[in-house]
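A.B. asks: Make a model of the complete structure from these sequences and hints.
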Amino acid sequence: MDTTKKTIILFSGDLDKALAAFIIANGAAAMGDDVTMFFTFWGLNVLRKSVAPPHKKSFLQGMFGGMMPKGPGKLGLSKMNFAGVGPKLMRRVMRQQNVTSLEELIATAREQGIKMIACKMSMDVLGLSEDELIDGLDYVGVATYLGEADEAGVNLFI
Amino acid sequence: MDTTKKTIILFSGDLDKALAAFIIANGAAAMGDDVTMFFTFWGLNVLRKSVAPPHKKSFLQGMFGGMMPKGPGKLGLSKMNFAGVGPKLMRRVMRQQNVTSLEELIATAREQGIKMIACKMSMDVLGLSEDELIDGLDYVGVATYLGEADEAGVNLFI
Amino acid sequence: MDTTKKTIILFSGDLDKALAAFIIANGAAAMGDDVTMFFTFWGLNVLRKSVAPPHKKSFLQGMFGGMMPKGPGKLGLSKMNFAGVGPKLMRRVMRQQNVTSLEELIATAREQGIKMIACKMSMDVLGLSEDELIDGLDYVGVATYLGEADEAGVNLFI
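Sequence order for the protein chains is A, B and C.
Under our numbering, the first residue of the first sequence carries the number 100, and numbering increases by one thereafter.
Under our numbering, the first residue of the second sequence carries the number 100, and numbering increases by one thereafter.
Under our numbering, the first residue of the third sequence carries the number 100, and numbering increases by one thereafter.
Keep in mind that the hints were calculated from the coordinates and are not lab data.
Model, not experiment: these values are computed from the prediction.
Hints are supplied without guarantee of correctness; some may be wrong.
Which copy is meant is left open, so a pair is good if it fits within one copy or across any two.
As the list claims (entries may be wrong) - Below are the DSSO-like pairs computed for lysine-lysine, each with C-alpha atoms no more than 30 Å apart in a straight line:
1) 187 / 155
2) 104 / 187
3) 219 / 178
4) 148 / 178
5) 156 / 173
6) 214 / 187
7) 155 / 104
8) 214 / 173
9) 156 / 104
10) 214 / 104
11) 155 / 219
12) 187 / 169
13) 155 / 178
14) 169 / 148
15) 169 / 214
16) 173 / 219
C.D. replies: Here it is in structure tokens:
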């Protein structure tokens, strides 16, 4: 086991939880750690492009895909969402306080070489295709996550 | 510490989070790991029988017990629940995509010898008795969980 | 790595999740473990004083601060909250069953020497100042958490 390796499962698609996940991941990478983020279920929405090429889906998949947020700019809050007013307020306060935005945190994560992997099975269930997600991801299953977690000293589910 | 041992606390009673917990647990067990799942608070609802023998409860316990979902077939989603339409959609897409259902995942977990333990204190608070839950569980407290977690390399709270 | 060291991030401000976090933390401390709790985002509300000195905030910060629960007595439930009736029921059942209240669990955590640290960045975003939180906390950033987690055998995100 390697204490400098860390994994984070991002299951949640909430802005606040995504912020927490990327702040921890970037902090660890800045300290020289090897970090893997595994995006599953609603967490995949964090990786969606705001505009994606049209894509053939089953009717049911289309329902999930059409209603879920498209990328970091559209995420809600896990608490005090108030039909989308909460996230707007939080983003504004973050700017006032010079706190890095989620979009910048994602860009930093990629610059720092954080491995970002998307759960293939969740993508099938939610009807998300690879060209709807940002580039440079790996598409894998739970066995890959487990292999990474076995080598890591810190493993979080967010 | 044993990197092939894993523990998962399932606190949530949402269908999507229960699916994530059992997919990780079964994946690890299939790779030969020793897995313990600890069910607490709303996570206990995943283990409820759909029909249980009548059971004497205090009025307050009866209120929780009566309103909480009875087993995997009645769970909601943590997001996009839409008064129960969301879980139905997700189950239907999962069948279309040949993804294993929660009921099958629970059966597989038991076949693979995953240790499933229920938090006694949460059962008291939520007014759940042993005969309302599926058979073959251990009924323990937090000390048992902590003992297992100390020996494990991966410990998740879901 | 030290298997007797444990860290818990409390991100959630829900009564049920706070109970789970403090029950695990106190259980571990009672077994002689060295425990650090890191409070971030909504989890900071668990540490709020019910009455705090007036404090100058920006308009936006004041909105979050004014609407968020002030301390353990005001927290909601993650499920079955029913506009505040759920937490009242849960507290009453807990008394009936002689289960320790959140307020007592927090007091025990302090008596047992559990290190409680508050995330400075989240405090800025949510507009919380040190004198609005209970005494005896450390105010730190993510690097401190990561340093503690690297030394711990069990790390949970709640």
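A.B. asks: Give a verdict on every hint.
C.D. replies: Now for the hints, and whether the structure bears them out:
1. Taking the shortest alpha-carbon separations for residue 187 and residue 155, only the inter-copy value of 22 Å comes in at or below 30 Å, while the best intra-copy value is 32 Å.
2. For a Cα distance limit of 30 Å, the shortest separation of residue 104 from residue 187 qualifies neither inside one copy, at 34 Å, nor across copies, at 38 Å.
3. With identical chains, the CA atoms of residue 219 and residue 178 are at most 30 Å apart both within one copy (28 Å) and between copies (19 Å).
4. Taking the shortest Cα distances, residue 148 and residue 178 sit within 30 Å of each other both inside one copy (24 Å) and across copies (20 Å).
5. In this assembly of identical chains, residue 156 and residue 173 lie within 30 Å of each other by CA distance both inside one copy and across copies; the values are 22 Å within and 27 Å between.
6. For the homomeric pair residue 214 and residue 187, the shortest alpha-carbon distance inside one copy (29 Å) is at most 30 Å, but the shortest distance between copies (34 Å) is not.
7. In this assembly of identical chains, residue 155 and residue 104 lie within 30 Å of each other by CA distance neither inside one copy nor across copies; the values are 38 Å within and 41 Å between.
8. Taking the shortest alpha-carbon separations for residue 214 and residue 173, only the intra-copy value of 23 Å comes in at or below 30 Å, while the best inter-copy value is 36 Å.
9. Taking the shortest alpha-carbon separations for residue 156 and residue 104, neither the intra-copy value of 37 Å nor the inter-copy value of 39 Å comes in at or below 30 Å.
10. Proximity of residue 214 to residue 104 under the C-alpha cut-off of 30 Å is found in both arrangements, the shortest distances being 11 Å within a copy and 24 Å between copies.
11. In this homomeric assembly, residue 155 and residue 219 come within 30 Å of each other (Cα to Cα) only inside a single copy, at 17 Å, whereas the closest approach across copies is 46 Å.
12. In this homomeric assembly, residue 187 and residue 169 come within 30 Å of each other (Cα to Cα) both inside a single copy, at 16 Å, and across copies, at 23 Å.
13. Taking CA atoms no more than 30 Å apart as the test, residue 155 paired with residue 178 passes between copies only; the shortest distance there is 24 Å, against 34 Å inside one copy.
14. Taking CA atoms no more than 30 Å apart as the test, residue 169 paired with residue 148 passes inside one copy only; the shortest distance there is 6 Å, against 38 Å between copies.
15. Proximity of residue 169 and residue 214 under a CA criterion of 30 Å is satisfied intra-copy only: 21 Å inside one chain copy versus 39 Å between copies.
16. In the homo-oligomer, the alpha carbons of residue 173 and residue 219 lie at most 30 Å apart both inside one protomer (22 Å) and across protomers (26 Å), since each shortest distance falls under that limit.
In terms of the numbered hints stated before, the structure departs from hints 2, 7, 9, listed from lowest to highest.
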